[in-house]
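Take each chain as given, in its own frame, and dock them per the hints.
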Amino acid sequence: MDNLFVLLIFVLVLAIFLGFELINKVPSTLHTPLMSGANAISGITIVGALISSGSDGGLWTTVLGTAAVFFATINVVGGYLVTNRMLGMFKKK
Amino acid sequence: MMDLLQSEIFANLAYIIASMLFIFGLKQLGSPETAQRGNLISSSGMLLAVLVTLISNQIISYEWLAIGLVLGTLVGASAASFVKMTSMPELVALFNGFGGIASLLVGSAEYLGTGSLGLISLTAIFLTLIIGGITFSGSLVAYGKLSEILPGRQIIFKGQRIVLVAIFIAALLFGAQLIFNFQMVEGWNPLFSFLLLISFALVIGLLITLPIGGADMPVIIALLNSYSGLAASAAGFVINNNVLIVAGALVGASGLILTNIMCKAMNRSLANVVFGSIASSSSGAVNPEEVGEIKPINVSDAYLILEAANSVLVVPGYGMAVSQAQHAVRELGELLEENGCEVNYAIHPVAGRMPGHMNVLLAEANVSYDQLQEPEDVNPVMDTVDVCIVIGANDVVNPDAKENEGSPIYGMPIIEADRSKTVFILKRSMASGFAGIDNPLFGKENSRMLFGDAKESISGLVAEFKS
Chain A
443 MDNLFVLLIF VLVLAIFLGF ELINKVPSTL HTPLMSGANA ISGITIVGAL ISSGSDGGLW
503 TTVLGTAAVF FATINVVGGY LVTNRMLGMF KKK
Chain B
101 MMDLLQSEIF ANLAYIIASM LFIFGLKQLG SPETAQRGNL ISSSGMLLAV LVTLISNQII
161 SYEWLAIGLV LGTLVGASAA SFVKMTSMPE LVALFNGFGG IASLLVGSAE YLGTGSLGLI
221 SLTAIFLTLI IGGITFSGSL VAYGKLSEIL PGRQIIFKGQ RIVLVAIFIA ALLFGAQLIF
281 NFQMVEGWNP LFSFLLLISF ALVIGLLITL PIGGADMPVI IALLNSYSGL AASAAGFVIN
341 NNVLIVAGAL VGASGLILTN IMCKAMNRSL ANVVFGSIAS SSSGAVNPEE VGEIKPINVS
401 DAYLILEAAN SVLVVPGYGM AVSQAQHAVR ELGELLEENG CEVNYAIHPV AGRMPGHMNV
461 LLAEANVSYD QLQEPEDVNP VMDTVDVCIV IGANDVVNPD AKENEGSPIY GMPIIEADRS
521 KTVFILKRSM ASGFAGIDNP LFGKENSRML FGDAKESISG LVAEFKS
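Going down the list, the sequences are from chains A and B.
Terminal number for the first sequence in the numbering used here: 535, no gaps in between.
Terminal number for the second sequence in the numbering used here: 567, no gaps in between.
Mixed in with the good hints, there may be bad ones.
PhoX-like cross-link-like pairs, simulated, lysine-lysine; straight-line CA separation at most 20 angstroms [claimed, not checked]:
id, chain 1, residue 1, chain 2, residue 2
1, A, Lys533, B, Lys184
2, B, Lys502, B, Lys544
3, B, Lys395, B, Lys521
4, A, Lys467, B, Lys364
5, A, Lys467, B, Lys521
6, B, Lys184, B, Lys555
7, B, Lys364, B, Lys502
8, B, Lys555, B, Lys566
9, B, Lys364, B, Lys395
Calculated from the structure, these hints are not laboratory results.
One chain only, chain B, in its complex shape (with noise of 0.2 angstroms):
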């Protein structure tokens, strides 16, 4: 019995139901009713191919892997227990840049292991290197910049594409010559290329995502996503493995499906967000004259504004987590329910630091998710909202993307709010270097600016409606 199951065929078929369930489990992560359920099924497949992995006859000895799995799990674990929904996008980008690391080391072990290497074996040794090593420095970066330990805004120096071409050519290079190990210099070792590419691969990986600013993070989020896929699917030809090959295929295309639906959302071409100079969120187009008179309103008089409204929708933004206010924002919109007023969520796909931001953040505070609404279905019928409060969204509302062919965002598909009755604006101040005033619906007729801290001007409102 104990020969059955160690066998090779055993494992492989093993390692197809794996990859079955990881289908299935995708398939239902797409619905929010069978979400969960396909999560489970997507663990069990893995569980399923750990098990088969570890009792196969490959594996002689347990210590060192005992170690690993322990130590993973403890460490796993806890960051999954206590993570706050509002640091959900560095948790990603930083298991993210995990599953690179892993991948990359995965290549190393095979490499610098005792079997010979055919040429197959060298070339996905060196994709595992390559994109290995960018998904774990990239994700890194991620990480510093969300969890601001890095500046958030873009870091650029001069020649910083050349420098990245001039690298990638040395990386490719380098790999051609571990794999094909022909003379570079007298007394070359293959070591050496193998040492250089997987420090050229970090280096690509830092430089790609050091230029992307807070407002591209969700692309870059996605990519970094996709590639930890590829990564593990480079791996699977390294070791001849049909579960890493599937599993990392399907990682890596849903991966980069997310980062055109981003790229899509912002009207910007990946190359452009990559490789784009637009400073981030800055759209110096317009100057301030143009923009009409802003009119701040306190919060009693936006209480009687929505006291009297009949239809209500939400625009969070960015801001929302930051004042982390999505608890109190529906609060207010249970209340503005209760005296009879529809309340609807719009959510732009790249409002935020990462795809879906906004829904895990009002999710967390109980929103119904049949509330959170996409531009597509909010914009037609804005005409028929009463308020529309933005909350620390700015791009995302600004009407120079409809209006202003010279706006750096023309062409972007927003949220049309400024369609609506009224508008409201929950911002910080104007003042901040006038860093806002570039968005020409803080001056519109209909537009409100209510000012200050949007938890405390939302909680202003709540206990307006209570008393």
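Isolated chain A, as found in the complex (with noise of 0.2 angstroms):
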């Protein structure tokens, strides 16, 4: 078993931890902000999906890619905009 899956494993379970932390003392006011955000952050397949769009693999990597990247594209930019949207509208008076 190589190094640098054994770190990776190390990160995932702190990055696990972290999110527990991070997450616990939301108001249930903001859930749905929370969950569309959490959703776009989700989207950072993206990075793998550019990867596999661009790179030379041969042509199923490619098309397999670019439709990853359509979707991943779509989950990131209406993700967070539809989150600020309804930040937005978020006040207090």
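Printed below as a string of structure tokens:
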């Protein structure tokens, strides 16, 4: 088992714990924006999509990668914009 | 200079900065004052990650990815700009699904690519395919149910659970074949396993979400949200990229926490929501004789009571979203406040079709967020509330949750509207199959039913106040 893998597992475990700590105290008022904002972050898979689409991995990799770029971009752009739109409405008088 | 920017070390450092921006962003999403800035910070992290990837020397041609980026931006931006706030649950579900399919496609592209793959990569690909596939088809079903393309009720067939378990085991088997490439039958190609695995993942997603009834939707949306993060994390192991792993794990954890909050708010375990056979929102344990007399009230009488009230608590539910009554509700709230009355909104965590659904609608209608309160804030002072206005909510105010041990919702934390001095319940009608009669709140001494469309009833009250 190579070192990189162990290191990545380590990163994964720490990030999960960090995620629990970060989100635990979010008031329920913000649950929807939190969800859609987090959803936009899960569009990070766009990084992998770009590499597949733009690298020289053969026809299938390019085609599937491009489709992945398309969907991930919707997820990212749409997710952040709609979260921003929602949060713009939360006002205190 | 360009060499440095294209180097792997530079890219990895930039990914670490992007991860930090995600973490800061999520942290700031936790408070209404900073949430919008948090979202901006998080999006700048995403922009950084994308730019660094685009200039890296791993990418040699831009024609295809440019098409994907431009089309995706157009679709995403227009969906986000034009969606109505009441349609937010289905849009979130749809975006979730797109995240899932994107991860699935990344895993597939890597699998079908020219590079040779080790055991770890293959295992990661297996996980990406299965989680991504479940997220995609599950989210599409959730989208279909929420947008009423599919019937919102539970869709169950006989032996569903057995089929689900069988397909899951088969998926594991073909996953093992994909990873270890052992001889299954003469002439078996791992590509078959790859294709079967994707199909099974899609079917599992369907089988998990089809039995979910409308009232349980918040749980499943939060769960799918978590899956979309986990799929991205798994894709991170496929391409050995730390920012995917960190960002995916953060989303996975946040989705799990929300799922847990939703389950607690319904006093049910996750297994019970996903596999349980509880008929959504029907608590048949009470028979009609036990419910007291139903006392209707008309708008003018309701106005007289409200006019004399010093403290009003509004309890919104999915019915408010259906009749789009949120703006009328805000207007009534403002008139009551001008009349010297204290107005608050009690929002149950599972009211509506996704976590925080009611909060978004009321925020859209310009209700100040410090008026939006949680059950544990309002229940202790419920005795001092003069009028509780229940708008299209049912289970979350059902006293059976406290009083009737035989009720399926017994033990669920509720908003104890029945303890206020007067309760107005806005419902379309009692006649619709007597579906609502199983809520003993409707027959309590202090309850009054205001029949009709919620928006019309509230607008009627507004008109009375103005006249």
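Hints, one by one, checked against the model:
1. Lys533/A / Lys184/B: The given pair, whose Cα atoms are some 18 angstroms apart, holds under the 20 angstroms limit.
2. Lys502/B / Lys544/B: 15 angstroms, holds
3. Lys395/B / Lys521/B: Status holds; Cα separation ~15 angstroms.
4. Lys467/A / Lys364/B: 15 angstroms, holds
5. Lys467/A / Lys521/B: 33 angstroms, violated
6. Lys184/B / Lys555/B: 17 angstroms, holds
7. Lys364/B / Lys502/B: Status holds; Cα separation ~15 angstroms.
8. Lys555/B / Lys566/B: 16 angstroms, holds
9. Lys364/B / Lys395/B: 33 angstroms, violated
Hints 5 and 9 from the earlier list are contradicted by this structure; the remaining hints agree with it.
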